[in-house]
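All chains should be modelled from the sequences, with the hints used to inform the complete structure.
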Amino acid sequence: MNLYHYIVRLADNSHILGHRLAEWCGHGPFLEQDMAMTNIALDLIGQARSLYNLAAEVQNEGKTEDDIAFLRYEYEYQNFLLVEQPNGDFANTIVRQYFFSAYQLPYYKTLYENLQNKNDHHLTELRGILEKAIKEINYHLRWSGEWMIRLGNGTEESHQRMVNAVQNLYKYTGELFIADETDDTSLQSGFGVLLPEVKKDFDKSLFYIMERSGLTIPENETMQTGGKQGVHSEYLGYILAEMQYMQRAYPNSKW
Amino acid sequence: MQEKISQIWSILENITDPEIPVLTIVDMGIVRDVKIHNDDVEIIITPTYSGCPAMSVIATSIKMELHSFGWKNVSVTQIYSPAWTTDWMTESGRKKLKDYGIAPPVIEKRIQHLMFEKPPEVPCPRCDSVNTELISEFGSTPCKALMRCKDCLEPFDYFKCHR
Numbered sequence: 001m002n003l004y005h006y007i008v009r010l011a012d013n014s015h016i017l018g019h020r021l022a023e024w025c026g027h028g029p030f031l032e033q034d035m036a037m038t039n040i041a042l043d044l045i046g047q048a049r050s051l052y053n054l055a056a057e058v059q060n061e062g063k064t065e066d067d068i069a070f071l072r073y074e075y076e077y078q079n080f081l082l083v084e085q086p087n088g089d090f091a092n093t094i095v096r097q098y099f100f101s102a103y104q105l106p107y108y109k110t111l112y113e114n115l116q117n118k119n120d121h122h123l124t125e126l127r128g129i130l131e132k133a134i135k136e137i138n139y140h141l142r143w144s145g146e147w148m149i150r151l152g153n154g155t156e157e158s159h160q161r162m163v164n165a166v167q168n169l170y171k172y173t174g175e176l177f178i179a180d181e182t183d184d185t186s187l188q189s190g191f192g193v194l195l196p197e198v199k200k201d202f203d204k205s206l207f208y209i210m211e212r213s214g215l216t217i218p219e220n221e222t223m224q225t226g227g228k229q230g231v232h233s234e235y236l237g238y239i240l241a242e243m244q245y246m247q248r249a250y251p252n253s254k255w
Numbered sequence: 001m002q003e004k005i006s007q008i009w010s011i012l013e014n015i016t017d018p019e020i021p022v023l024t025i026v027d028m029g030i031v032r033d034v035k036i037h038n039d040d041v042e043i044i045i046t047p048t049y050s051g052c053p054a055m056s057v058i059a060t061s062i063k064m065e066l067h068s069f070g071w072k073n074v075s076v077t078q079i080y081s082p083a084w085t086t087d088w089m090t091e092s093g094r095k096k097l098k099d100y101g102i103a104p105p106v107i108e109k110r111i112q113h114l115m116f117e118k119p120p121e122v123p124c125p126r127c128d129s130v131n132t133e134l135i136s137e138f139g140s141t142p143c144k145a146l147m148r149c150k151d152c153l154e155p156f157d158y159f160k161c162h163r
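Note that the protein sequences, when read in sequence, are chains A and B. The working numbering applies: residue 1 is where the first sequence begins, and numbers increase by one. The working numbering applies: residue 1 is where the second sequence begins, and numbers increase by one.
Among the clues, some could well be false.
To be verified - Here are the simulated lysine-lysine pairs, DSS-like style, with alpha carbons at most 27 Å apart:
id, chain 1, residue 1, chain 2, residue 2
1, A, K118, A, K199
2, B, K109, A, K109
3, B, K63, B, K96
4, A, K199, A, K171
5, B, K150, B, K95
6, B, K96, A, K135
7, A, K135, B, K98
8, A, K200, A, K109
9, B, K72, A, K254
10, B, K63, B, K4
11, B, K98, B, K150
12, B, K150, A, K204
13, A, K63, B, K63
14, B, K95, B, K109
15, A, K118, B, K35
16, B, K109, A, K204
17, B, K96, B, K109
18, B, K118, A, K109
19, A, K254, B, K4
20, B, K63, B, K109
21, B, K96, B, K150
22, A, K118, A, K200
23, A, K135, B, K118
24, A, K135, B, K109
25, A, K135, A, K200
26, B, K4, A, K200
27, B, K98, B, K118
28, A, K118, A, K171
29, B, K95, A, K135
Keep in mind the hints are simulated off the structure, nothing from the lab. Everything numeric in this text was worked out from a predicted model, so none of it was measured.
Here you go:
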């Protein structure tokens with residue numbers, strides 16, 4: 001059952017961030033960036049679909065990707081608090097994306113390596129999904145990283161907005177690197193990812209970007225936690241209410 | 001058996017990508033394998049991007065086309081590994097893309113984690129000038145970027161290198 005939770009957590013993060021980015025559709029600061037955000041949303045929701053499908057297969061209770069996405073409650077979602085934070089302004093969306101991609105890339109790469117030569121059908125499938133996703137995340141990281149630099153060094157206004165966004169979001173990055181039972185069991189099963197190692201890569205990326213964008217990492221920040229345990233900020237409930245409305249109002253309706 | 005398999009491949013060669021209708025799914029390298037067990041046909045496909053909305057349309061087109069040639073039991077299986085790469089695009093596919101006004105993929109040398117690296121030199125599909133610039137990494141579909149030719153001044157789509 002642990003593998004189910006492990007995969008669902010990966011999927012929940014992509015799913016909720018994908019949903020947030022999709023909210024920008026038609027509201028982007030200009031057309032090209034509107035398309036960039038919805039393209040990234042599409043990649044993330046695509047990753048989530050593949051992962052939910054696999055989770056349903058692992059669970060083996062005859063459920064589908066839709067059951068997992070649309071029929072779980074807030075406390076059953078295991079995504080980070082970071083990804084459910086509202087879009088705010090463009091600067092806030094960029095910083096949220098950069099924090100997430102700078103975590104997701106080294107995490108997925110390490111997991112992909114650790115899953116090599118595992119003689120298990122589900123783990124091999126998971127590795128295939130990651131192989132595809134890693135190529136896409138490279139683009140997400142570069143896109144958000146370049147915007148971090150552009151806006152950080154832009155006008156006084158854009159710089160101030162970036163400072164506010166970093167201040168607002170950095171406190172949600174702590175839980176990304178705090179291992180819990182699901183992380184520990186995956187390590188015992190021989191494929192898990194050592195979070196302190198991912199944290200090193202994350203800090204390296206962040207240092208590289210901050211140095212070039214004239215921004216600084218907040219010091220002595222009290223980190224917010226809870227997302228991984230299903231204790232969410234109030235925002236997730238609103239997201240799920242909108243996302244799950246159809247399945248709740250018309251149970252078992254199909255496309 | 002071999003004859004039947006090549007017959008199926010030639011049917012698949014006529015199915016086009018719903019988003020880039022000049023390319024067939026074989027040109028794109030989406031079809032990875034064709035298997036026949038008795039009268040059942042299994043087509044193995046791989047998605048270009050995780051969220052590519054064309055995949056379900058493609059799976060339906062494969063079934064409908066093979067049905068019309070008398071194959072009753074057709075299943076389409078999606079695999080992720082090995083992950084799709086633009087290296088699988090055929091030569092004729094690349095030529096068709098260019099004729100259609102989309103620049104075919106150019107081998108990328110950018111180091112992924114560095115920012116503002118020089119994008120690849122992509123020749124303009126209309127005037128062949130390499131004096132072009134990247135407008136956006138993300139274009140009208142997940143597989144394309146938006147570029148502009150600084151000589152003929154036309155904007156154009158570029159099929160991103162994905163490997």
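- Query: Which numbered hints does this structure break?
  - Reply: Violated hints (numbers, rising): 12, 19, 20, 26, 28; every other hint is consistent with the structure.
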